[in-house]
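Chemist: Take a look at the letters that make up each chain.
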Amino acid sequence: MQRQLRTQNEDLLRKIDGITQSITTASVPKQLHSYRAWLRTLLKNLRHKVGRNLSNLGLSGVDILPEVLDQTSIVTRDLFLLNDRYLGPLLRARSTDGLSLKVLAWIHKQHPRTRNLPVAFVDGSFGSWPVESSPTLYTIPPGDQERLLHLPLCFHEFGHLLYACHQNEMDDLVRDLQQIIARSLEPLSRRNDRQSQREQQKRKLIAERWYDWAQEFFCDAVGLMIGGPCFADSFSFYFRTVGQDAYRRSFDDQMRSSHPVTWLRVRLLADRAASLGWQAVADEIKTDWQNIAAMLGVTEDYFGCYDEAFLPDLRKTIDDMLTETDPRCATGDEISYEGPITKSASPPAIFNFAWRRLETDSATYPLWETGAISEWMK
Amino acid sequence: MNSDWMAIQSFHRSQELLTAINELSIHLKLEAAGIADAQQTERAEAGKKRLVGFLRRLQPLLESAEQNEREPMTGADARLRQLAQRLAQARRVSSRGGSPLLRKSFNRMIELLESEKPEDRTPLLQGLKDLRRLLDEHLETDTRALVGGF
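If you read the sequences in order, they're chains E and D.
Numbering-wise, the first sequence is residues 1 to 378 according to my numbering.
Numbering-wise, the second sequence is residues 379 to 528 according to my numbering.
Source of the hints: derived by calculation from the structure; they are not laboratory data.
Hints should not be assumed to be uniformly reliable.
Unchecked claim - Chain E side only, calculated, beta carbon under 7 Å to chain D, not exhaustive:
1) Gln-2
2) Ile-74
3) Leu-90
4) Gly-127
5) Arg-175
Claimed, not checked - The calculated BS3-like cross-link candidates involving lysine-lysine, where the alpha carbons are at most 27 Å apart (straight line), are:
6) D/Lys-482 - E/Lys-49
7) E/Lys-316 - E/Lys-30
8) D/Lys-407 - D/Lys-482
9) E/Lys-30 - E/Lys-204
10) E/Lys-49 - D/Lys-426
11) D/Lys-495 - D/Lys-407
12) D/Lys-426 - D/Lys-507
13) D/Lys-407 - E/Lys-49
14) D/Lys-482 - D/Lys-495
15) E/Lys-202 - E/Lys-316
16) E/Lys-49 - D/Lys-507
17) E/Lys-316 - E/Lys-378
18) D/Lys-495 - E/Lys-44
19) E/Lys-286 - E/Lys-109
20) D/Lys-482 - E/Lys-44
21) E/Lys-343 - E/Lys-15
22) E/Lys-44 - E/Lys-15
23) E/Lys-44 - E/Lys-30
A virtual CB, placed ideally from N, CA and C, is assigned to each residue, including glycine.
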């Protein structure tokens with residue numbers, strides 16, 4: 001066993017050295033330099049861990065093989081993850097990554113807790129790997145990486161990182177909301193038959209599911225706060241034609257999903273936009289979704305997973321979560337920005353401008369967007 | 379929008395906890411053998427802190443899982459809830475045997491971690507071993523979700 005573990009750890013060392021060599025010689029854009037520095041530090045730490053494994057294997061008279069085996073597994077899994085996800089953005093970096101990287105780097109710079117966290121992105125549907133101790137890896141669909149209209153959805157993903165940075169306080173706030181919801185679902189009297197037990201199980205599932213849903217609603221609110229109306233436009237446009245699933249899901253499907261029904265998210269987004277004084281976009285997205293739902297023949301029904309009675313507490317919880325995490329708020333100037341497009345213009349300014357430009361004249365928008373990106377990236 | 383964020387957070391949490399368990403466990407064994415290592419002691423102390431913090435966070439979830447399965451577990455993500463349920467299940471099965479993690483009041487495990495008494499070393503090592511096994515099993519789901527099956 002000792003010999004096997006020694007061989008395994010020696011191989012890990014060779015892998016670590018090989019990766020270090022690859023990332024050191026790779027030609028990468030300036031925006032990824034801090035990401036590369038983090039990777040090098042991580043590899044150095046992994047190297048130390050393997051070194052300790054090897055020296056522990058040399059100790060006689062103490063049975064620490066189970067620990068060394070487990071430490072070897074930890075390094076092996078970290079290398080799997082590095083190879084599978086974290087190395088790609090660096091080793092496969094392209095010159096066209098600049099636009100998305102500019103937006104992501106800007107988002108991180110706006111908050112004291114994320115200012116020093118490097119960012120990178122890979123291909124995939126909008127998502128993120130928000131861990132405070134590692135760079136945030138965002139996933140952005142290839143078709144949206146070089147366009148302006150849907151990059152505001154990264155603001156939602158940033159919300160997950162803010163949640164992770166304030167995990168304990170946020171979990172406390174969400175716990176209170178879950179308990180309120182659980183209580184409100186309780187019947188006035190309880191029987192002790194099978195039907196009653198099934199109902200109780202349903203109530204438990206709903207209350208537990210709200211842990212994830214509360215975080216998603218919070219992230220939507222973060223997106224709206226950072227981006228302003230462009231976030232609501234982008235969100236609504238992106239999802240409104242994906243099909244019936246966005247409008248209504250069975251109870252079981254809702255319980256399987258870490259995201260609330262998208263129509264409900266749009267309703268809450270509209271509610272918050274209106275409260276921030278952005279009535280036009282609030283009315284627009286609400287109407288759009290109602291019209292499409294009517295055409296699909298779908299009526300609003302959450303099968304007991306959501307009730308209008310939750311709304312005041314849900315609003316209050318999201319407000320408290322925003323107070324706790326304190327994301328940047330789009331300024332009036334950014335919301336009404338109409339140029340000029342310079343490299344120092346902020347992403348919310350550019351995105352709000354882009355959405356107004358699209359709504360004014362969608363036929364000439366593509367040409368305008370190409371020029372705008374070119375000016376902004378100078 | 380994807381929900382990988384839950385798997386990656388759970389993955390990192392388990393990896394960190396396993397590192398903490400191993401560092402502390404190695405330290406306790408070296409100490410028992412009279413092999414002093416200042417750096418290992420430092421890592422073990424950091425690991426101990428991490429484990430105590432985590433077990434304190436897990437404690438109310440475990441109580442909820444053990445006392446009333448029908449009530450919702452609140453204020454924790456699905457993966458942490460599953461871990462609490464897995465531990466509760468292991469404790470039910472091993473109520474007459476196993477380590478302090480599985481056998482005694484859960485608080486005893488925290489006391490052992492905070493204890494400096496040499497006689498607490500062996501039960502602590504047993505508890506750490508069971509916690510490691512539990513986390514290793516738990517981590518498989520996240521590893522599969524992130525990098526696929528093998």
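Chemist: Each hint: holds or not?
Modeler: Now the hints, each set against the structure:
1. Gln-2: violated (15 Å)
2. Ile-74: Holds: closest Cβ of chain D sits about 6 Å from E/Ile-74, inside 7 Å.
3. Leu-90: violated (18 Å)
4. Gly-127: holds (4 Å)
5. Arg-175: holds (3 Å)
6. D/Lys-482 - E/Lys-49: Roughly 33 Å between the alpha carbons, so the hint for D/Lys-482 and E/Lys-49 is violated.
7. E/Lys-316 - E/Lys-30: violated (41 Å)
8. D/Lys-407 - D/Lys-482: Holds, at roughly 23 Å.
9. E/Lys-30 - E/Lys-204: Answer violated: E/Lys-30 to E/Lys-204 is near 49 Å, above 27 Å.
10. E/Lys-49 - D/Lys-426: holds (18 Å)
11. D/Lys-495 - D/Lys-407: holds (14 Å)
12. D/Lys-426 - D/Lys-507: Roughly 14 Å between the alpha carbons, so the hint for D/Lys-426 and D/Lys-507 holds.
13. D/Lys-407 - E/Lys-49: It holds: about 18 Å lies between the C-alpha atoms, which stays within 27 Å.
14. D/Lys-482 - D/Lys-495: holds (18 Å)
15. E/Lys-202 - E/Lys-316: holds (25 Å)
16. E/Lys-49 - D/Lys-507: holds (20 Å)
17. E/Lys-316 - E/Lys-378: violated (43 Å)
18. D/Lys-495 - E/Lys-44: Outside the cut-off at roughly 35 Å; violated.
19. E/Lys-286 - E/Lys-109: With a Cα-Cα distance of about 32 Å, the restraint between E/Lys-286 and E/Lys-109 is violated, given a limit of 27 Å.
20. D/Lys-482 - E/Lys-44: Violated, at roughly 40 Å.
21. E/Lys-343 - E/Lys-15: violated (40 Å)
22. E/Lys-44 - E/Lys-15: holds (12 Å)
23. E/Lys-44 - E/Lys-30: At roughly 22 Å apart (the allowed maximum being 27 Å), E/Lys-30 and E/Lys-44 satisfy the hint.
In terms of the numbered hints stated before, the structure departs from hints 1, 3, 6, 7, 9, 17, 18, 19, 20 and 21, listed from lowest to highest.
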